[in-house]
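Residue strings, one per chain:
Number of protein chains: 2
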Amino acid sequence: MKTVTIVGLGLIGGSFALALKKVGNFEKIIGVDGSLQHCKEALELGIVDTLGELKESVLQSDLVVLAIPINAIQRILPQILDYIPAKTIVMDMGSTKEGICKLVKNHPNRKNFVATHPIAGTENSGPKAAYPELYLNKVAIICDAEDSSIQAVKKIQKIYQSLWMNVISMTSNAHDQHIAYVSHLSHITSFALGQTVLEEEANEKAIFDMAGSGFESTVRLAKSSPAMWTPIFLQNRENLLIAIDAYQAQLGKLRRMIDQKDEQGIEKYLTETNTIRRILKK
Amino acid sequence: MKTVTIVGLGLIGGSFALALKKVGNFEKIIGVDGSLQHCKEALELGIVDTLGELKESVLQSDLVVLAIPINAIQRILPQILDYIPAKTIVMDMGSTKEGICKLVKNHPNRKNFVATHPIAGTENSGPKAAYPELYLNKVAIICDAEDSSIQAVKKIQKIYQSLWMNVISMTSNAHDQHIAYVSHLSHITSFALGQTVLEEEANEKAIFDMAGSGFESTVRLAKSSPAMWTPIFLQNRENLLIAIDAYQAQLGKLRRMIDQKDEQGIEKYLTETNTIRRILKK
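Protein sequences appear in the order of chains A and B. Okay, so the first sequence: first residue is 1 according to the working numbering, each after it adds one. Okay, so the second sequence: first residue is 283 according to the working numbering, each after it adds one.
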């Protein structure tokens, strides 16, 4: 594989380009982005070697990486598959997988497409937020691999492994269901917390002087990009509503015990939740 | 001031002791802790110079620091004030302030007491979690300062400033109301999120492989100590219930927009919440 086109030069695509450059997987990295500002920055920061138009770039590439909001992926992936060269692989890096996989399920060139989700990101966005270590030691999920050609899946696995990523496989359906809990729900709770405290700030300007590192950690994701997250919430709407309902039930349970001064109940609840330590890395 | 007694040798008291040692404010640091294990560790880690019983330690100290759960502070503070030497100051570091201040409001030695809350902490606990930089550049709040002697308040201010802390003043009532939003509520949302995902794990063992740094950040506080946080939730029950209700309303609003596929509404909500950037340091 000699040439790769990265579509979307923000945090996700930019970091992927920088990582590929570091590892030396490709001879040439072409950048495609609708924002002139992003294109300029990506060139200046050395994220890509050159810029191009979508179709001409796809036609000269061995790999095309879609690192754009998922509604944009759904818009351009079918077009790309219409004119993709036989030897070219297209992969996406979107945070929901079922809608995208359903959309191209019966496309004659479906085998050229690999649906992936690297579990990595920060609350920042744009080319300036990109850094080559973003994916290091993280998990990458490949979905509905049986619909892709075996060679294409193997190549994408190798690329992710070259970034020291741990590659796992699952159906797009299972992916969307589980990711609702461990990613999308965290963003929902962060946004709601941020909004709650911003509203309270109207009553007390000094409130943020009182905020410590705990609050910062819990509300960090509320800085995430609306352009990226609005389509994710809508795409994964059904799974997310179930996850939010489960969360609201847990929140309601804790609230009820506080209301009823149920000291033993609260202590038991917190102690049980502490077991989350075993599954968090740090 | 030559001698200080630290009551409670966990993360909060242990870190305070290490910081005081670093700055060289006191000649002798005495440790008091009900846990033999904590006493042993604190000595081994060089957190304190010596160990003592509560009363004998108070009687020979210039400053007594209460760094224990707030229900324990309420239990022993009135006793300490009963026998405190005239020259000795006692300060607490608890996360709620109104109950404690009300409890000793009319004690004849109330002037010897300074009610404080340093806004610092991590999700870890015990002497091993203590480190001297915990308080560096953080905010310390002094409450109901007019009930303490002016000299006592000035001395505590100087000590916090020697740790590079920014000292602010407010009533214990205002403190508890605002801290419910920027600290206690964050802990509630973290515990509820942790519990939600732990329950979902029963259906899907692999779920934590899919968790990224965003989830870790949002759920970090769910590792916090139940012994410390149960009494805080109960002490600040009324303010916290109001904060939880405001949060539930925000969460419900976001959920409703997702349910109704209100793309513009969601994007507006997320964009507004993004303004939280301006008040978070990083």
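No lab work stands behind these hints: they were computed from the structure. Predicted, not measured: the structure shown is a model, and the values here were computed from it. It is possible that some hints are incorrect.
[As the list claims (entries may be wrong)] In silico negatives: residues of chain B with every beta carbon more than 12 angstroms from chain A:
no. : residue
1   : 305
2   : 310
3   : 344
4   : 431
5   : 434
6   : 464
7   : 505
8   : 531
[Said to hold, decoys possible] Here chain A is said to cover these stretches of chain B; the calculated rule only asks that three of the stretch's residues, wherever they fall, bring their Cβ under 8 angstroms from a Cβ of chain A:
no. : region
9   : 417–429
10  : 520–529
11  : 539–549
Every residue, glycine too, gets a C-beta built ideally from N, C-alpha and C.
Against the structure, the hints:
no. : hint    : in the structure
1   : 305     : holds (21 angstroms)
2   : 310     : holds (30 angstroms)
3   : 344     : holds (28 angstroms)
4   : 431     : holds (25 angstroms)
5   : 434     : holds (23 angstroms)
6   : 464     : violated (4 angstroms)
7   : 505     : violated (5 angstroms)
8   : 531     : violated (8 angstroms)
9   : 417–429 : holds (count 3)
10  : 520–529 : holds (count 6)
11  : 539–549 : holds (count 6)
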